[in-house]
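Q: Same order as they appear, the protein sequences are chains P and U.
Under my numbering, the first residue of the first sequence carries the number 1, and numbering increases by one thereafter.
Under my numbering, the first residue of the second sequence carries the number 1, and numbering increases by one thereafter.
No wet-lab data here; the hints were simulated from the structure.
Cross-link-like lysine-lysine pairs, in silico, DSS-like; alpha carbons within 27 Å at most:
{"hint": "1", "chain 1": "P", "residue 1": "K147", "chain 2": "U", "residue 2": "K40"}
{"hint": "2", "chain 1": "P", "residue 1": "K442", "chain 2": "P", "residue 2": "K495"}
{"hint": "3", "chain 1": "P", "residue 1": "K68", "chain 2": "U", "residue 2": "K358"}
{"hint": "4", "chain 1": "P", "residue 1": "K395", "chain 2": "U", "residue 2": "K40"}
{"hint": "5", "chain 1": "P", "residue 1": "K15", "chain 2": "P", "residue 2": "K112"}
{"hint": "6", "chain 1": "P", "residue 1": "K526", "chain 2": "U", "residue 2": "K315"}
{"hint": "7", "chain 1": "P", "residue 1": "K442", "chain 2": "P", "residue 2": "K526"}
{"hint": "8", "chain 1": "U", "residue 1": "K174", "chain 2": "U", "residue 2": "K333"}
{"hint": "9", "chain 1": "U", "residue 1": "K315", "chain 2": "P", "residue 2": "K21"}
{"hint": "10", "chain 1": "P", "residue 1": "K395", "chain 2": "P", "residue 2": "K147"}
{"hint": "11", "chain 1": "P", "residue 1": "K147", "chain 2": "P", "residue 2": "K112"}
{"hint": "12", "chain 1": "P", "residue 1": "K442", "chain 2": "U", "residue 2": "K315"}
{"hint": "13", "chain 1": "P", "residue 1": "K442", "chain 2": "P", "residue 2": "K503"}
{"hint": "14", "chain 1": "U", "residue 1": "K378", "chain 2": "U", "residue 2": "K443"}
{"hint": "15", "chain 1": "U", "residue 1": "K458", "chain 2": "U", "residue 2": "K378"}
{"hint": "16", "chain 1": "P", "residue 1": "K503", "chain 2": "P", "residue 2": "K21"}
{"hint": "17", "chain 1": "P", "residue 1": "K436", "chain 2": "P", "residue 2": "K495"}
{"hint": "18", "chain 1": "P", "residue 1": "K442", "chain 2": "P", "residue 2": "K21"}
{"hint": "19", "chain 1": "U", "residue 1": "K163", "chain 2": "U", "residue 2": "K241"}
{"hint": "20", "chain 1": "U", "residue 1": "K174", "chain 2": "U", "residue 2": "K163"}
{"hint": "21", "chain 1": "U", "residue 1": "K458", "chain 2": "U", "residue 2": "K443"}
{"hint": "22", "chain 1": "U", "residue 1": "K63", "chain 2": "P", "residue 2": "K112"}
{"hint": "23", "chain 1": "U", "residue 1": "K333", "chain 2": "P", "residue 2": "K526"}
{"hint": "24", "chain 1": "U", "residue 1": "K178", "chain 2": "U", "residue 2": "K333"}
{"hint": "25", "chain 1": "P", "residue 1": "K495", "chain 2": "P", "residue 2": "K15"}
{"hint": "26", "chain 1": "P", "residue 1": "K112", "chain 2": "P", "residue 2": "K395"}
{"hint": "27", "chain 1": "U", "residue 1": "K241", "chain 2": "P", "residue 2": "K68"}
{"hint": "28", "chain 1": "U", "residue 1": "K315", "chain 2": "P", "residue 2": "K503"}
{"hint": "29", "chain 1": "U", "residue 1": "K241", "chain 2": "U", "residue 2": "K174"}
{"hint": "30", "chain 1": "P", "residue 1": "K495", "chain 2": "P", "residue 2": "K21"}
{"hint": "31", "chain 1": "P", "residue 1": "K147", "chain 2": "U", "residue 2": "K63"}
{"hint": "32", "chain 1": "U", "residue 1": "K63", "chain 2": "U", "residue 2": "K443"}
{"hint": "33", "chain 1": "P", "residue 1": "K112", "chain 2": "P", "residue 2": "K21"}
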Amino acid sequence: MTDSNNDSGQLHASKAGGVAKSVPLLGSATEPTIFELSSPGHRCWSFRDTQLPEDLPQTAISPEHLRKTPAELPEVSERDLVGHFTRLTHRQYSVDLGAYPLGSCTMKYNPKMCDYVANISGLSGMHPGTPAFLSQGWLEIMVRLEKLLCEVTGMAAMTLQPAAGAQGELTGLLLMRAFHDSNGESRTHVIIPDSAHGTNPASVTLGGYSVITVPTDERGCVNVESVRSMIGPHIAGIMLTNPNTLGIFEEEIVEIARLVHECGGLLYYDGANFNAIMGKVRPGDMGFDIVHLNLHKTFATPHGGGGPGAGPVGVSSRLVDFLPGPRPIELGNGANEVLEHSNMDISNEPVTTSLRFDWSWPERSIGRVHSWHGNSLVLARALAYILYNGSDGLKHVSEMAVLNANWLRRRLSSTYQVAFDRICMHELVLTTSQQKRDSGVKALDIAKRLLEYGFHAPTVYFPLIVDEALMIEPTETESLETLEALASALEAIAKETTQPGSKEVFQSYPTTTPVGRVDEALAARKLTPTFDFVGE
Amino acid sequence: MSQGTYAPHSNDEIAQMLDYIGVGSIEDLFESIPDSVMVKDGLNFARGISETDVYEFMSQLSKQNGSTDNLICFAGGGAYDHDIPFATRSLASRSEFVTAYTPYQPEVSQGVLQAIFEFQTLISRLVELPITNASLYDGASALVEAVNLSVAQTGKQNVLISKGVNPYWRQVVKTFSKGTGHNIVEADLIRGTTNWSQFTGEGAESFVQKDNEDIPGTVVVSYPNYFGVLEDIDEVRRWSKDIGALLVVVYDPVAMGLLRSPGSFGADLAVAEGQVFGTALSYGGPYLGLFSCRQELVRRLPGRLVGRTVDSAGKTAYVTTLRAREQDIRREKASSNVCTNQTLMAVACCIQMSWLGKSGLIELARRCAIATDYLRQKVLSLSGVNGSSDLDHFREFVIELPIDAEAVVERMACEGFLAGIPLGVTLQDESYSRSLLVSLTEKRTRSELDRYVETLEKVIS
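Isolated chain P, as found in the complex (with noise of 0.2 Å):
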């Protein structure tokens, strides 16, 4: 062991593939809206020829359901459509460009393999209502995927309709009133700990529950004796991220589960932070009963700047007839073997009698939660990358997920206070509590700063529970060389909160990205939501 500030903090740092140091082009242009590019009579569009009448018979719809004036839609070449967009993603940051330390976002490298897988034709080209007989391929997609994250997690069985993690969680707590109620119980309260992310209890009161809050205790952990206390027959049971949001895991959840379990209620799996265990631990074994996974992250989907994701949910044994209906489901044998390739072509006459798959509806379902099946091409995706990385691919993973953020946590301990200084999981979380009070130099500052090395800003001010907080989440697809960048950069913005006149320097950062600190006050104050609107 060396002192953290070593040399190999540049050792490589020159060979970082992990920093955008470009800035954009012209990059202290701004880019006109699309509304402001519009000139009369410009177009892209064309149709093919159809051979149909060129007109619509006026006797096909009655003239007051007309729309009296046209909607105002922008009229540019396409020339011009395609210079608007590019140069709007000139603007833009991404992981494909460099490092998005983002804490409990999980910005990893999303594969080039599943854009391509999720673009088959025979895949994306799929309209939804295809009856079963014709969507056999889709249907054997869901089962198998079902199967491996119930083996990652440790479940019986999953849902794969809902869209998002958030949307997953609400699932998951209206599984746990379907449970409670189908034994009679009016239970009304769910834990929640002190760290656990803003999503969770929103849920909670969107599940018809109140929340009762958990502390922190002084290693990081939710404090058992506070679970001790408050159980009773009112709890419907407890909702953990495990590790937790200061990335550190629940030593105690066995003890926590036999608590809750002792007292009726159910414990609930936040999948936020499952980057950090797979092959390691599964929810299922540490006495979870729901579990939500977000495939955007962990699975590496990517993220869409805010969407597509999807958040499938999984259930022990006694959750499995309340699943959201419809279900996928294998009839016969055949889909056992995950890797075994099937030849089966489309057939010209489709046999139904010979299904493979089928949609089946839960007993005591408690509905459907999607429009249709779900987000499918992100479940696609997400079943390209297990079969790539396989169950051993997996554990690794999440190994060089954990250790890069310990490489981070011991580089950066000796210049930033780590809120909870021991072996963390996935994440780390450092106060910078210490250089606000010598400088005034607060964490947003920190993080505006670091955008101009090169990096996204990790996640600021949360958790709630610690001061100042920077919550850096590396993730395994970064190198080693990168974290030494980023390291090296936040080490210099240390430094640089030590220079006099500190404060008010850095909050003029950013300067060099396309535009500089934004006015969120104003855009609150004097809300201008489109290019039309008027204001009260």
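Following the hints, position chain U against chain P.
A: Relative to chain P, chain U alone:
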């Protein structure tokens, strides 16, 4: 490892990093996990395989599907086979859009933020309502959020929904009402249009006579409805206003090129499935929910909202705004738990609507209507096929067949058609077992329509 991995570490680097951290092995990093629950023998499935093998495997699975590659699509019911031009596909698949996160740091997220700002403007112009959010998960989730907002605004738990609203969306609304406690009441249809009189009597009287608590605070209607029929929304607005209810109109974005907008009817909220503008059929997702409302409701808006502002130098900039509404700040007091939206689909929608432009949207809607009228006349002239001839339709219509609609879909599939949506399945109602919902887009040619009619005639005879 001999197999591939997206983690870049060499064995030497792993050793160097462990040494630097001060632990002897990877296992030491996981010491806080109780031994009693550790995975001992590894996960019980296959080891990794190459990208080539994965892709080939997924391709093989895709060949067991009846996609638009091998079936001419006449199915709709909330998902439509529209053309997606190459410019839209190319721009929407740029990795800066695909691999970005939620724009938490606006200084390096202006691309996504400006695209969403433009998207919000486009949708607001489409529906003629001033506020549009950054999108929701899908049409059904947009409807759930509209109902939740309306109930919070009016304080009335009763929600009256026309059975002309997509049946799957209604199911989703009912599922989530189990948590919120909303009382969902459904209005039946008579001959394709909503029979409101079972509730309204001669207008609003029967509502007014009831106890205040029984009066719905929210009325939901679809225009066009699930069966493609154009209902009288002016009338619904009249009596819903009389009872003080907020009106939610579910609309078809493509229809806005030809038909009246929710805003023109005086709707308080308008929701839709946005897949029709630039998102592939994708076996049902990811799609995007479109959500718009009157300005008075903006403080209760679910999901994200992008606003225009300036940066420190006074330069135009965009940022997510009114954040104080959102779940991560309001926690258990939030009226919605939605964190994100479907940005990538919203960007594709923005690009596609710009590709269409003012005249293209009109032409698109006209083409759907022309194809619908052409096919409807032809199909209804077949002996044994019935359907309402006196109702106004847009892009979709129901035919009553002499035999089971599911059987017709199966037989038509052998001839290369996805003939439509069998309503007995989607409505879970035996009395609809011979009803087929047929949908049209601008992609369908005259020869495809003629062959469809010929094939249908053969199949049912």
